[in-house]
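Starting from two chains that each stand alone, build the complex the way the hints lay out.
Listed below, chain by chain, are the residues.
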Amino acid sequence: MTESDELFGERRAVLSGIGQSDIGRRLYRDPLELTVDACLGAIADAGLNPTDIDGISTYPGGMENPAGFSGAGVTDVQEALRLNLSWYAGGLELPGQLGAVINAILAVSAGLARHVLCFRTVFEGSAQGTKGRAAVMPGGDSRSGGFRATGFMEWLLPFSAPSAAVWIAMFANRHFHEYGTTREQLAQIALNARRNATVNPKAIYRDPMTMDDYLSARMISSPLCLFDCDVPCDGGTAMIVSRRDTVADLRKPPIEVEAVGTAFHGRPAWDQYYDLATMACQDAGTQLWERTDLRPSDVQLAEMYDGFSFITMCWLEAMQFCGKGESGPFVEGGQRIAREGELPLNTHGGQLSAGRLHGFGFLHEACLQLWGEGGERQVPGDPEIGVACAGGGPLAGALLLTRGR
Amino acid sequence: MTTTTGDVPFRILPRITDRNAHFWQGGRDDELRFQRCRQCGYYLHPPAVICPKCWSKDIGVEAVSGRAEVLAFSINYQPWMPGPEVPFVLAIVHPVEQDDLRLTTNIVNCAPDDVRIGMAVQVIFEPHVEDEVWIPLFEPAP
Ligand SMILES: [Zn+2]
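Quick mapping for you: the protein sequence lines, in order, are chains C and Y. Each residue of the first sequence is one higher than the one before, starting from 1 at the first, in this note's numbering. Each residue of the second sequence is one higher than the one before, starting from 1001 at the first, in this note's numbering.
Derived from the structure by calculation, the hints contain no laboratory data. Treat the hints loosely; a few may be bogus.
Claimed, not checked - Ranges between beta-carbon positions, derived for each pair:
| id | chain 1 | residue 1 | chain 2 | residue 2 | range |
| --- | --- | --- | --- | --- | --- |
| 1 | C | 293 | Y | 1018 | 26 to 34 Å |
| 2 | Y | 1003 | C | 274 | 28 to 36 Å |
| 3 | C | 4 | Y | 1120 | 49 to 57 Å |
| 4 | C | 290 | Y | 1140 | 38 to 46 Å |
| 5 | C | 247 | Y | 1058 | 53 to 61 Å |
| 6 | Y | 1003 | C | 208 | 46 to 54 Å |
Just so you know, even glycine gets a beta-carbon here, dropped at the ideal spot from N, CA and C.
Same shape as in the complex, but just chain Y (with noise of 0.2 Å):
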């Protein structure tokens, strides 16, 4: 099972609409999903009405593997917001799939000190089941 385990801590969720639930809620399923240009294959996100590379807007969504790597992270320390205890990780990490496909987020369950870019990660889902939001998260992969 690839969710988060205790108590979820407060986060400030996205508005979820039409254009990027399938993102947000992929989770549910256990899948990290992306927008997919039909046409030519490029992956898109954040989420768009036309595929950048070809102009297409013949555009589905399409679930990827759930591992990415590490491109940039910071070692949080101020405690700006409610929310997970400080200090976490940010993270700027690309999915496997495509090369200029990023997304922000934290690394979770292991020690921030023990980050690293370029460091193997794979996805992992905060549930906010009430709200029906799935955060994507990511941890080391094994």
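This is chain C alone, in the form it adopts within the complex (with noise of 0.2 Å):
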């Protein structure tokens, strides 16, 4: 282990193994299942046993609301598979999503555990149903009953504003304003996701989808459309992180955490942040790449958030794959992000059309993607060097991952 190895912990873990369960629009099956069905399909991608397994992490942890929100905690899979855990974690005030697969390496880098088990499911399609988001949203049902708004929503709920969608339409309006942004520069993260999601079998959305598709769809709230929106789904996802000297147990070549970004600076509210045009991310960017030696031009891959496709564009910028305010202008006409292209994005069709798996997708695909087990999506040039990327507004976490270096 190199000097720097002690002082950046994360390189002591590495990513061994990932599954994940059928997805799909609407399910209707149990979450647990959808849950243990990707958690030992990890498990066995990675050469391993249940009873290898000594920890758990996962977001948001086992909670009620909203509806379709969390399909699992710690307790009901530790149950389920009956583990001993030396460690185990779940909760949802993280640096975004994929901070439960970061309190995992930290996990096992402070020597708690070796094979850490982490998931994330979702049944927000089957719990919606057909009566759309206002079903699962806050306050969403409460038109009788008294319901009060508390909390954060305290100060968005009063004003009709219960989405996420709205609030970061106000972050991608003040970009269009500052930086000249355009619909069709924005419309190129959901073309680019679409086209990817083609070619991925699991994807819910799979039909081309064009420029006029696109701007002819109907405004959600200015200046997002529908396609600027990701789609509710059912499905569950799960990854083994395991610390670097058990990787003779592993079935093949680990993946390696280079580096991760947990860093958030400014106000932790959605309306609060100093600076309207980008987010959490731009601080959790800056300190990973104060992690490593590498640089952002030695990626070769992308999975970056896209709850909502501004969101995307606040990463880029906060990766520095592009200057602050330039990711119009790096996403212009679509062909830097493609497949073939410099920065292949969201390979498997994101969260806006291969579903919303809540930022474990991301990581799914760029471990999927570093091993070479695209199928037809894969990225050409045999890739080494990937970032996941998870989370919007005040939730932002970054992983970097090499393979076989």
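Here is the structure:
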């Protein structure tokens, strides 16, 4: 172990396996079953048995509301698989959804566990049924009964803004205003995602989409239209974080964790962050690049959160693939971010087209691509360096991953 | 009179507490009120228990002018829940008294397409009298 590895403890961790359940718009299946499908898949992919697992980490932890947001918590999986745990954590006050994986990385780096099972399951598609997103929103069914807004929602719900779509739309509009970003540029995030989804057999939306389709879609909250919003779905995603010195136990060469980013320096509220044209991601991105000698130009693929298309634009800037405010020109035309381009982006179709697996889908895809298991959507050139980033607004966590270096 | 007129739309109202009552009930007296540090003069919003600039707990409540600037906005077309008719404008505005003083609100009494970043606005209250809540909205300044 080198001196810098001692300083940057995340390098003592590797990703050793990934798994995913069936994914569907509405599966109407027990979300715990989806969870264990993903978990057992990841354990087998790593070449391990359930009895090898001595840690669990998950986001957001077990919770009933909003409906469909959490398919299983730590104890659900611990009990289902009867695991003996040396360490575990589940919760949502973290650096984004992938903060749960970063927790696992820290746990194995600290020697608290050897193989940590990380998972995230959603069943928002089934939970919403045919009633749409309003059915699962805070206060969405509250016309009667005297529901009152509290917590951070106190400052948003009274203004009829229950959805991150509306909050993010304001930031996107601010970006358009400050930097001249256009809808045609923003569209490239959605069009690129759909192009990649057409060759992802598990993607929710696989029909080709044109710029005309995008521009004629109904507006949700300007400048975001329907295709700027991700698609709720059902599915579980899992991955195994292992200590690097367990490599002899593993089925395939692990993916190394070169650096993580978890910083957040602004005010922790959707509408109070000092720069309204970016988000917490810029702090996480800055920190990540301070923890490695690799540079943004070394990265061969980027899997970056697209709960709303504009969030990906923020991540492109935050991870310094382009300058601040330059994400519009960077994605213009779409060639640069295509699978054959200089920075293949959201190669599975993102949450916009592949389904809202809520952060974990990006890390799953980054690992899949670095292992060369992308099938028809595999990024050419045997990529060895990638990033996975998740979270929008006051949530952000990023990982820089390498394979076989 | 700076209150809205006509029927009041359904809104999910805030739970009123000792800490936030000055903000949600200031409209009864036609005042937009914020906490303000008595030691250093810093306005705090959302309400807090300590001044983040000088760490004083000596915090009072003061009315501001009600004038503000639009920092960011969106025209919302999606009817998420019962409420104001769509399209309506959601905005982040900053009261002129302090650069980093902000709140999310709706811009009313103008066509949504006429709202601009940088636009000067002023507070207007939507009374929910039975519930003892006055929602601070903003309209174009004259
Ligand atoms: Zn003070």
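Quick rundown of the hints versus the structure:
Restraint check, residue 293 of chain C to residue 1018 of chain Y: a C-beta distance of roughly 53 Å breaks the suggested window 26 to 34 Å. Between residue 1003 of chain Y and residue 274 of chain C the beta carbon distance is about 32 Å. The supplied range of 28 to 36 Å therefore holds. Distance hint check: the CB atoms of residue 4 of chain C and residue 1120 of chain Y are about 53 Å apart, consistent with the given range 49 to 57 Å. Our hint of 38 to 46 Å for residue 290 of chain C and residue 1140 of chain Y holds, since their Cβ atoms are close to 45 Å apart.
Checked against the given bound of 53 to 61 Å, the beta carbons of residue 247 of chain C and residue 1058 of chain Y, roughly 58 Å apart, stay inside it. Range check, residue 1003 of chain Y to residue 208 of chain C: about 52 Å between beta-carbon atoms, so the 46 to 54 Å window is met.
This entry does not satisfy hint 1, going by the numbered hints stated previously; all others are met.
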